[in-house]
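These protein sequences, in sequence, are chains A and B.
Per the working numbering, the very first residue in the first sequence carries number 1; after that it's consecutive.
Per the working numbering, the very first residue in the second sequence carries number 1001; after that it's consecutive.
Since the hints were made in silico from the structure, they are not lab data.
Don't take each hint at face value.
[Stated by the list, open to error] Which chain B residues face chain A? A few, computed with CB under 8 Å, are given here:
1. 1046
2. 1060
3. 1074
4. 1082
5. 1116
6. 1212
Being a predicted model, the structure only gives us computed values, none of them experimental.
Each residue gets a CB set at the ideal place from its N, CA and C atoms; glycine is no exception.
2 protein chains.
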Amino acid sequence: MAESRCPSQPLVFLALFYLCYLLLGALTVSLVERPHERRLHLELQVLKSRLLNGSRCLSEAELEHFLSRVLRADGYGVSVLSNASHHTNWDFASSFFFASTLVTTVGYGHTTPLSNGGKAFSIIFALVGVPLTMLFLTVLVQRLMVYVTTRPIDLCQQRLGYSRRQVTAVHLLTMGLVVLLTFFIVPSAIFSAIEHDWTFLDAFYFCFISLTTVGLGDFVPGEQSGQRLRPLYKLSVSLFLLCGLTVMLLLLRTFIQLAGLHGLTQMFDLPLSEDEEGREEEETDEGTILQGSQTDRTPKPPSLNAPPSYNSILPPDNR
Amino acid sequence: MAESRCPSQPLVFLALFYLCYLLLGALTVSLVERPHERRLHLELQVLKSRLLNGSRCLSEAELEHFLSRVLRADGYGVSVLSNASHHTNWDFASSFFFASTLVTTVGYGHTTPLSNGGKAFSIIFALVGVPLTMLFLTVLVQRLMVYVTTRPIDLCQQRLGYSRRQVTAVHLLTMGLVVLLTFFIVPSAIFSAIEHDWTFLDAFYFCFISLTTVGLGDFVPGEQSGQRLRPLYKLSVSLFLLCGLTVMLLLLRTFIQLAGLHGLTQMFDLPLSEDEEGREEEETDEGTILQGSQTDRTPKPPSLNAPPSYNSILPPDNR
Chain A
1 MAESRCPSQP LVFLALFYLC YLLLGALTVS LVERPHERRL HLELQVLKSR LLNGSRCLSE
61 AELEHFLSRV LRADGYGVSV LSNASHHTNW DFASSFFFAS TLVTTVGYGH TTPLSNGGKA
121 FSIIFALVGV PLTMLFLTVL VQRLMVYVTT RPIDLCQQRL GYSRRQVTAV HLLTMGLVVL
181 LTFFIVPSAI FSAIEHDWTF LDAFYFCFIS LTTVGLGDFV PGEQSGQRLR PLYKLSVSLF
241 LLCGLTVMLL LLRTFIQLAG LHGLTQMFDL PLSEDEEGRE EEETDEGTIL QGSQTDRTPK
301 PPSLNAPPSY NSILPPDNR
Chain B
1001 MAESRCPSQP LVFLALFYLC YLLLGALTVS LVERPHERRL HLELQVLKSR LLNGSRCLSE
1061 AELEHFLSRV LRADGYGVSV LSNASHHTNW DFASSFFFAS TLVTTVGYGH TTPLSNGGKA
1121 FSIIFALVGV PLTMLFLTVL VQRLMVYVTT RPIDLCQQRL GYSRRQVTAV HLLTMGLVVL
1181 LTFFIVPSAI FSAIEHDWTF LDAFYFCFIS LTTVGLGDFV PGEQSGQRLR PLYKLSVSLF
1241 LLCGLTVMLL LLRTFIQLAG LHGLTQMFDL PLSEDEEGRE EEETDEGTIL QGSQTDRTPK
1301 PPSLNAPPSY NSILPPDNR
């Protein structure tokens, strides 16, 4: 296997650029949205005291109208409750968290832009940020694959003498268990300890819904009143999201390699990646090793020629 | 270029299986969640009438407590308002819509599972459904690429004699404009006409946030009271999501081909797909056509040998 001698500088620059992009997005959306949030919050407080201090008792129509306003504001993340009064959704840490949920496509929606400017900004920010995130995570995963998957598997294969299929299967299982522990079970225990209302199942459900980027938003950390060190907590959760997504992509890619090796991708006429193909040929038919060429442009029916590489989400390893 | 002679049956079976999976998920989550929703709704109505019919006027503490319950219920999608009383979030069409927002990872969160059973089911359903969706869309896009991108480009190149780079660029631009019109502008006009509260910008913002799978959930079609043909509307939006995502992936893949052709992927040491490589060699250096082999396992520094294929999200075309 050709060792990767690619310098790390492009990746480091990309990482720094990505961080700056998120920071800039956080600052901008924070500046744009804070005034609107403040105004909506004040309106709600005025409505609430008018309701309470009304000279006659509450009528149904008044209550309906008030509740309608309350619910609409809540959709944006602005709460009418007193214990939420000194809490803003658009301080820097929360804005950073919002920006990261946009570009990772998790999109909880617990906080959403109030103003047209905020909505327009979100579109533009995501238009650039989502592909940028895909690129960054792809490059990162490509680099990590070498150290986490390719080299360990090659080592085991060479030193222990098992077949590639066996080693790859054991490796995937081990990797899956490690990811389950470090990105689901341990964080769930931590979240259910910090968040008073969350059970362990709620926390696990949150981790799962977040790391698959579904991001329903029914559970969002750091939203309870009186949360200590809230900015640090929000930033930590942003980091958890980014690391967790990287690891999920790594796991996915490792799985796809295994699926290719076991011929699963051929069921849907999806070609193997040339890595699996090459090694499968090595293992099964030494006489056809020279069939490795894949850019033969003579038209051939798909079954006779090694088809081009397949990797459903990410590129094959760079060797 | 080798014509794809792959039969369509696996794709058709996969599509049918996928549809059945969504239908089953919709039925199950609907059965699980309806009773819980009904109970929560009744509780809110009791609280509301107790508030209104209290013998003395409203105190602040009572109001706070009531609002707290109202907001928590609203987080699940259960509204206290009278005009929402005959509307359920878990009828079949809405459950199908929920199931499709789970597996596509859009995850609006306007409606979320109330019960532990519902949460556990969502985890399992998404655990299988998200990869299934990735697989289905990948296979579908792979097939569509041939008809939408590869053949038109080859035709233009052969008949009009422009370079591949020029044709690919014009093709991408045209494709981008068509997608913008049919999946953003026209749907935005339709949504802003149907949804009384939505401006055109709101509707465009909704389309964008949905088709990038961010799915914040601040705008969700079909939620306004008195919506006519609501089940049909919800199912149509589910279809819009699935088709829109397919088209976005198609666009992304076409873009990546173009980026490869223009040497952009090499900036981050991401190798070209062998398709771009092969054609670039054809265009630039006829003497090295035999360098097409990519599974040469002799270690070489990356710069000398054509690196393995790259496609950041999807596999290269099957030729």
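(request) With a cut-off of 8 Å on the beta carbons, see whether residue 1046/B makes it to chain A. (result) Hint violated; residue 1046/B Cβ to chain A Cβ min 14 Å, cut 8 Å.
(request) Against chain A, run the beta carbon of residue 1060/B and see if the smallest gap drops under 8 Å. (result) 6 Å, holds
(message) residue 1212/B was flagged as interface toward chain A. Is the shortest Cβ-Cβ separation under 8 Å?
(response) 5 Å, holds
(message) Interface hint check: residue 1074/B, Cβ to nearest Cβ on chain A, cutoff 8 Å. Holds or violated?
(response) Constraint on residue 1074/B satisfied, holds at 5 Å.
(message) The hint names residue 1082/B as touching chain A; please verify it with the least Cβ-Cβ distance against 8 Å.
(response) Check passed: Cβ of residue 1082/B comes within 6 Å of chain A, closer than 8 Å.
(request) Grab the minimum C-beta distance from residue 1116/B to chain A and call the hint holds if it beats 8 Å, violated otherwise. (result) It holds, given that the least Cβ distance between residue 1116/B and chain A is near 6 Å, below 8 Å.
Consistency with the previously given hints fails for number 1 only.
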